[in-house]
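Trainee: Chains S, H, E and F supply the protein sequences, listed in that same order. Quick note on the numbering used here: the first sequence kicks off at 15 and runs consecutively. Quick note on the numbering used here: the second sequence kicks off at 15 and runs consecutively. Quick note on the numbering used here: the third sequence kicks off at 15 and runs consecutively. Quick note on the numbering used here: the fourth sequence kicks off at 15 and runs consecutively.
Be careful, since some hints might not be right.
Same chains, same label: a pair holds when it works inside one copy or across any pair of copies.
[Unchecked claim] Subject to a maximum C-alpha distance of 30 Å in a straight line, what follows is the list of computed DSS-like cross-link-like pairs (lysine-lysine):
hint: 1; residue 1: K100; residue 2: K63
hint: 2; residue 1: K78; residue 2: K349
hint: 3; residue 1: K305; residue 2: K183
hint: 4; residue 1: K349; residue 2: K22
hint: 5; residue 1: K305; residue 2: K22
hint: 6; residue 1: K349; residue 2: K63
hint: 7; residue 1: K100; residue 2: K183
hint: 8; residue 1: K267; residue 2: K349
hint: 9; residue 1: K247; residue 2: K63
hint: 10; residue 1: K78; residue 2: K188
hint: 11; residue 1: K305; residue 2: K349
hint: 12; residue 1: K267; residue 2: K183
hint: 13; residue 1: K267; residue 2: K305
hint: 14; residue 1: K100; residue 2: K349
hint: 15; residue 1: K305; residue 2: K162
hint: 16; residue 1: K78; residue 2: K247
hint: 17; residue 1: K247; residue 2: K22
hint: 18; residue 1: K176; residue 2: K78
hint: 19; residue 1: K63; residue 2: K192
hint: 20; residue 1: K192; residue 2: K267
hint: 21; residue 1: K100; residue 2: K22
hint: 22; residue 1: K183; residue 2: K63
These are computed hints drawn from the structure, not numbers from a lab.
Residue-level listing of the chains:
There are 4 protein chains.
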Amino acid sequence: MAGNTIGKVFKLTTFGESHSDFVGGVIDGCPAGLTIDLDFINSEIQRRKPTQKDISTSRSEEDKLIFASGIENNISLGTPIAFFVKNENYNKEDYKDLKELFRPSHADFTYNRKFGINASSGGGRASARETLSRVVGGSIAKLFLKHKANISINAQIEKIGKWDYLTQKEEIEKAFEKINREGDSLGGTITCEINNMPVGLGEPVFDKLSADLAKAMISIPSVKAFEFGDGFKGCMEYGSEQLDNWNEDFSTKTNHSGGIQGGISNGMIIFFRVGFKPIPTLNRDVSYISKDGVIQEIENKGRYDKCVLPRSIVIVESMAALTIADHLLRSYTNKI
Amino acid sequence: MAGNTIGKVFKLTTFGESHSDFVGGVIDGCPAGLTIDLDFINSEIQRRKPTQKDISTSRSEEDKLIFASGIENNISLGTPIAFFVKNENYNKEDYKDLKELFRPSHADFTYNRKFGINASSGGGRASARETLSRVVGGSIAKLFLKHKANISINAQIEKIGKWDYLTQKEEIEKAFEKINREGDSLGGTITCEINNMPVGLGEPVFDKLSADLAKAMISIPSVKAFEFGDGFKGCMEYGSEQLDNWNEDFSTKTNHSGGIQGGISNGMIIFFRVGFKPIPTLNRDVSYISKDGVIQEIENKGRYDKCVLPRSIVIVESMAALTIADHLLRSYTNKI
Amino acid sequence: MAGNTIGKVFKLTTFGESHSDFVGGVIDGCPAGLTIDLDFINSEIQRRKPTQKDISTSRSEEDKLIFASGIENNISLGTPIAFFVKNENYNKEDYKDLKELFRPSHADFTYNRKFGINASSGGGRASARETLSRVVGGSIAKLFLKHKANISINAQIEKIGKWDYLTQKEEIEKAFEKINREGDSLGGTITCEINNMPVGLGEPVFDKLSADLAKAMISIPSVKAFEFGDGFKGCMEYGSEQLDNWNEDFSTKTNHSGGIQGGISNGMIIFFRVGFKPIPTLNRDVSYISKDGVIQEIENKGRYDKCVLPRSIVIVESMAALTIADHLLRSYTNKI
Amino acid sequence: MAGNTIGKVFKLTTFGESHSDFVGGVIDGCPAGLTIDLDFINSEIQRRKPTQKDISTSRSEEDKLIFASGIENNISLGTPIAFFVKNENYNKEDYKDLKELFRPSHADFTYNRKFGINASSGGGRASARETLSRVVGGSIAKLFLKHKANISINAQIEKIGKWDYLTQKEEIEKAFEKINREGDSLGGTITCEINNMPVGLGEPVFDKLSADLAKAMISIPSVKAFEFGDGFKGCMEYGSEQLDNWNEDFSTKTNHSGGIQGGISNGMIIFFRVGFKPIPTLNRDVSYISKDGVIQEIENKGRYDKCVLPRSIVIVESMAALTIADHLLRSYTNKI
C-alpha cells in the first residue's frame with residue numbers, strides 16, 4: 015500500500031522519479047476562494063535551488079512550473095490543484111552503468127528488494143527532485159495560513175556539521191574547503207519557528223500536532239532526527255525546571271514545551287529542530303555492490319549536493335505549512 | 015476531524031478518558047488465524063504497571079482486560095478485536111475542585127480551548143491510562159510479527175535525567191531521593207532495537223518507516239524527541255564517517271543509518287532513541303490559572319508518576335510493533 | 015485490509031460477531047458539546063427490535079446499551095464515544111453442528127474462504143446483530159443533524175414482496191400466512207426522505223453524496239439495490255421529462271433529481287429507495303454443503319427474521335444520518 | 015474535505031475541470047512489475063469517444079495521453095503513475111455569457127453554493143471530460159486483474175430509454191430521430207459481468223464488495239441507480255425463489271445473488287446493473303436562473319451528448335476494474 019500522500023484534509027500527493035519525464039503533485043483539499051500568488055510560489059521554488067555554489071548542487075535545474083487544474087484567474091476553485099515540472103536536464107545514459115550496482119547508504123538496494131525493479135536512476139522516488147513538489151504544496155499551504163490566520167513559518171540553519179551557522183562562519187568555510195578537496199559532505203541542523211499559532215490545533219492521542227510534525231520532518235530526504243521545545247536536552251532536566259508558568263493572558267512565561275501541550279497548540283511559538291545527515295554521495299572512490307553480491311570500488315563522478323542544508327530550509331517550512339494547514343482545517347469540526 | 019486511530023492496514027483505535035468508565039480499543043486489520051496468547055498480553059500489561067515504587071506511580075490500577083470480539087478459541091477471526099478495561103479505582107470527586115483550573119504544562123487548557131469543554135479530570139484523553147490500550151494493541155502486533163517473521167522488539171532505558179541507567183545507579187538513586195523529597199520529577203531517554211527485520215518495509219516519500227516510527231513515538235505522552243541511527247550526533251559528522259559499507263551478503267559493516275535507507279528497512283537492526291520530558295505534575299505548590307485568568311498557588315496532592323520511564327519501555331515497544339506490523343502487511347502489495 | 019469503519023470525519027467503527035460476548039462500536043469525530051439524549055437513542059434501538067410478531071424475528075434480545083467513554087453529564091467531549099451491548103441470549107452449542115456446513119445464499123462459505131476460519135456461528139460479522147451498532151451511531155448522528163441544521167430523516171416501508179405496504183394490507187397478511195406456513199421469507203423496499211437539507215453537501219467526483227448514500231445503503235445486510243430521485247424509472251424517460259425547472263427561490267418545481275445534482279445536495283428533499291432481498295434462512299429442509307463438498311438436506315430450526323423490513327427502517331435512517339453528518343462536517347472546509 | 019480519490023490500496027486521484035488546461039490523474043498503489051500495455055490503454059480511451067454520430071457527442075476531442083511518471087520501459091515501478099491530457103479543443107469564451115446563469119438539473123448551482131465560486135464552465139468537475147481519467151485508471155486496473163487472476167469485465171448497453179438495446183433497434187432509431195429533431199435526450203441502463211472472480215474479495219460490514227461497486231457506479235456522472243444480482247426484482251420474490259443452491263464444487267446452480275454473499279465474492283459471475291438518466295442539456299429553449307434569482311429562457315446551442323450510454327460502457331467497466339483491483343490487493347492481508 016503506497017504512501018505518496020500526506021495530510022487528511024489538506025492533502026498533497028506527489029509523483030515523479032529522479033529521471034521520469036515530469037515531477038509534480040496534486041493538492042486535494044485546498045479551500046475554494048484562496049488567492050494563489052504565483053510570484054510567491056515561484057520565489058519559494060527559487061529558495062530550494064542551489065544558490066551558494068560551494069555548499070550545494072552543481073546540477074542546473076529548470077523548474078518551469080505548470081498548473082494543470084484547480085485554479086482560475088488566480089483563485090482556487092476548491093477542486094484538485096495539479097501541477098508539474100518537466101525534467102529536462104538529464105541524461106538517462108549517465109546512470110546506465112550504475113543500474114546494476116547498489117551505492118552504499120543509498121536507497122538503491124532497499125528499492126530493489128521492495129519493488130523487485132529499479133528505476134534507471136537507482137533510487138527512484140528517493141530523490142531531491144521530489145522535494146520540489148513539497149515546496150509547491152507548502153507554498154500554497156503558506157498562502158492559506160497567511161490569509162486565514164496570519165500564521166508565519168520561519169526556518170533557519172542552526173549548524174553545519176558541528177559548527178554554529180551564525181558564529182562560526184570561518185570554521186564552516188574551512189570545512190567546505192575540506193569536503194570540496196576530499197569529495198566529502200556535511201550535514202547539520204535546521205530550526206523552525208511558527209508564529210501566530212491559534213490555540214487548539216492538533217488532535218489528542220495519535221494525530222498530535224507534534225507527532226504529525228515529526229512525521230512530516232522525518233519524511234524529508236536525509237532527515238534523521240526531530241525534537242520540539244527543549245527536546246532531548248529538556249529530557250535531562252527536572253520537572254521543576256521544565257514547567258512553563260502562566261501569564262494572566264494564558265500565555266506562558268517560558269516555552270520549554272515548544273508551543274504544544276498534549277499534542278495541541280497552546281498559542282505560544284511552535285519551535286522544533288531537525289537533523290540532516292551528511293549525504294552519502296561522495297566524490298571519491300566508493301564501494302558499490304552488484305546485484306550478484308560483488309563489491310567493487312568505483313570513482314563517483316555524479317553531480318550532487320555536498321550539503322543539502324541551504325536548500326532544505328524551504329522544504330522544512332513547506333512540510334510544516336502542510337501540517338499546520340491540515341490541522342487548521344481539521345479543527346473546524348472540533349465542536350458544535 | 016478526530017485522530018484516535020493509528021495504522022492504515024493494522025489499525026488501532028483507542029477510546030477512554032482518564033476517568034471515563036472504561037478505556038479500551040479496537041484493532042481492525044489483524045489477519046485471521048493468529049494465535050492470541052492471552053498470557054503474553056497480560057504479561058505485557060504488567061510491564062506497563064508501576065513496579066519500582068520509587069520511580070513510578072503510587073496509584074493502584076486493576077487492569078482486568080476483557081476481549082469483546084474478534085477472537086474465538088484464542089484464534090483471531092479476521093474481524094475487529096475490541097477490548098476494554100473498567101476504570102474502577104478513582105473518584106471523580108477528587109478532581110472536582112480542579113475542574114475550573116488549568117495546570118501549568120498540562121493539556122487542560124489546550125483541551126478546553128479546542129473542545130470548549132473539559133472532562134472532569136481536566137486532560138481527558140491526555141492520560142497515562144490511555145496507553146494501556148496501546149500496549150494491548152502492541153502486544154497483538156508483536157504476536158503477529160513473531161509468528162510471521164520472527165521479528166523481535168526490545169526497548170530499554172538509556173538515561174534517567176542526565177545519568178546513564180546502567181552505570182550511574184547511585185547518582186540516579188540520589189536523584190530519586192531528591193525528587194521524592196522535593197516533589198519533583200525526572201525524564202530521560204529510551205532506546206529501542208528491532209531485530210530480524212525483513213528488507214523492504216516502509217514506503218517511499220511520506221510513509222517512510224522512519225517517519226511512521228517518529229509519529230508513533232512522538233504520539234506517546236511526554237515524548238519530546240526522536241532520532242534513528244546515529245541521529246543528531248551523526249548529523250555533525252562528515253559523510254565519509256557516516257557511510258555504511260557493504261558486506262557481500264548485502265548487510266553493512268556499520269549501521270549508522272539505523273536499519274532504514276530512503277525510508278525503507280535494509281535488513282539491519284533498526285535502532286532509534288526517544289526522549290521523555292519530566293512530567294509536569296509536581297508534589298509541591300504550583301501555579302494554576304482559572305478559566306477567568308486568575309493565577310493561584312495550589313498544593314498538589316494528586317497521585318502521580320514521578321518518572322514515567324520504567325513503565326514506558328513497553329509502550330515504546332508497543333508503538334514500534336504497531337508500526338512494523340502495519341508496514342509488514344502493507345508490503346504484501348508492493349509488487350506483482 | 016479490513017473495512018469496519020464508515021465515514022471520514024464523523025466515523026463509526028463497529029465490532030462484534032453474531033455470537034461474540036459483545037457487539038458495539040466507536041464513534042470518532044462527533045463534535046464536542048452535543049447533548050446526547052439517551053432516551054432518544056434507546057427509542058431508536060427499540061425501533062430496531064422485533065415488534066410485529068409475524069413479520070420479524072422471534073429471538074429475544076436484551077439490548078442494554080453501555081457507553082464506555084466520550085460522554086460526560088450527557089454532553090459529548092469531542093473524544094471517541096465507545097459503546098457496547100452484551101450478547102446474553104444465545105447458546106454457542108446451538109450452532110455447533112452447523113460449524114462444518116455452509117448454508118446456501120449465506121456468507122458462511124465466503125467468510126471461510128476469505129479468512130480460512132469461521133466463527134462458531136458461521137457468518138461472523140454478517141449478522142443482523144451488528145446493525146445494532148449502526149443504530150447507536152446513527153442516532154447520535156441524528157442528534158447532531160437535528161441540533162446543527164434541523165435536518166430530519168424519515169424512512170418507511172414501501173413494499174413487502176410485490177405488494178404496496180399502505181394499500182395492500184390484506185395481500186400482505188396472506189403472504190405472511192403463507193411464509194409462516196411454508197417456512198419461507200419475504201423482502202421488499204424501503205424509501206427514505208431527508209428534509210431541511212442545506213445546499214452544498216457532497217463532494218464532486220468520487221465522494222458524491224449520492225455515491226456515499228449508495229455505499230451506506232448497500233452495506234446494510236440483505237440490501238441488493240439502491241436508486242435516488244426517479245431512479246431506474248427516470249432513466250427510461252426523455253431528458254425533457256426529467257428536467258427540474260427553477261423557482262425564483264432556487265428551489266425546483268419538480269424533484270426528479272431527488273435533491274442531489276452533480277453529487278451535491280441542492281436543498282430539495284433527498285429521496286432514495288432501497289431494495290431488501292428475502293432472507294435466505296428458511297424454516298424448511300435446505301441443502302447445505304460440507305467443507306468437503308458433500309451436499310445434504312438439513313431441517314432448519316433456527317430462530318430468524320422472516321422479513322427484515324420492519325426493523326430495517328431505523329437502520330436505513332441510521333446509515334443515512336451517518337452519511338449526512340459526515341458530509342455536513344466535511345462541508346466546513348470547502349471554502350475560505 | 016475533498017473527495018477526488020477512490021480506492022484504499024489501488025488508488026486513483028483525478029484532477030481537471032471541464033475547461034482547465036489539463037485533465038489527468040495519479041494512480042498510487044499499482045504494484046511494481048506490471049507490464050503497461052499502452053496500446054490497450056489507448057484502445058480503452060477510444061471506446062470512451064463518440065463513435066456513433068447519432069447517439070453521442072459531436073464535440074471532437076483530442077486525447078493525447080502523456081504518462082508523467084511511474085513507468086519505465088513499459089513496466090510499472092511501484093511508484094505513482096501520473097498521467098494527463100491537454101484540453102486543446104475548447105473556447106472559454108463560449109461559456110462566458112453563461113457564467114452568471116445556472117442551468118436546470120445541472121451542478122452549476124450546487125457548485126456555486128458549495129464553493130462560493132464557479133469555474134468558467136459552470137460545472138467544474140461535473141464534466142464528462144473527467145471520466146477520461148477514470149478510463150486510464152481503469153485500464154491499468156484491468157491489466158493488473160488480467161495478469162494476476164485472469165479476471166475480465168464486460169459491460170453492455172441493456173436499454174436505451176425504455177427499449178431493449180438488442181431487440182428493439184428500430185424503436186431506438188426512431189427515438190433518436192425524435193430527440194435530434196426536438197433537441198431532447200435519452201438515458202438507459204448498462205449491465206456488467208465480471209468473470210473469473212476469486213472467492214473472498216470484499217470486506218464484511220461497510221466495505222462490502224457490493225457497497226464499493228455501488229459507490230463506484232453512482233459516482234459516474236448521470237448515474238441514478240444500482241442493483242446487483244436480481245436487484246429490485248428479486249426483492250419482490252419469496253426467499254425460496256431466491257435461494258442459490260449448491261453444486262458440489264461450491265459453485266451454485268443459480269446466481270440470484272449476483273456473485274456476492276455477505277459483501278464477499280463467492281466465485282460466481284458478478285452481475286450488476288446501472289441506470290443512467292437522460293442528460294439535462296437540451297437543444298431547445300431552457301429556463302436558466304441568474305445568480306440574482308431571475309428566470310430566463312435561453313436557447314441552448316452547446317455541443318453535447320444526446321445519450322451518454324455508448325461511451326459510458328467503458329466507464330462502467332473502468333470503475334468496476336478499479337474496485338476489484340483495490341479489493342484484490344486488500345485481500346492479500348486477510349489471513350496469516
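Trainee: When the hints from earlier in the document are held up against this structure, which numbers fail?
Mentor: Failing hints, ascending: 3, 5, 6, 7, 10, 12, 16, 17 and 18.
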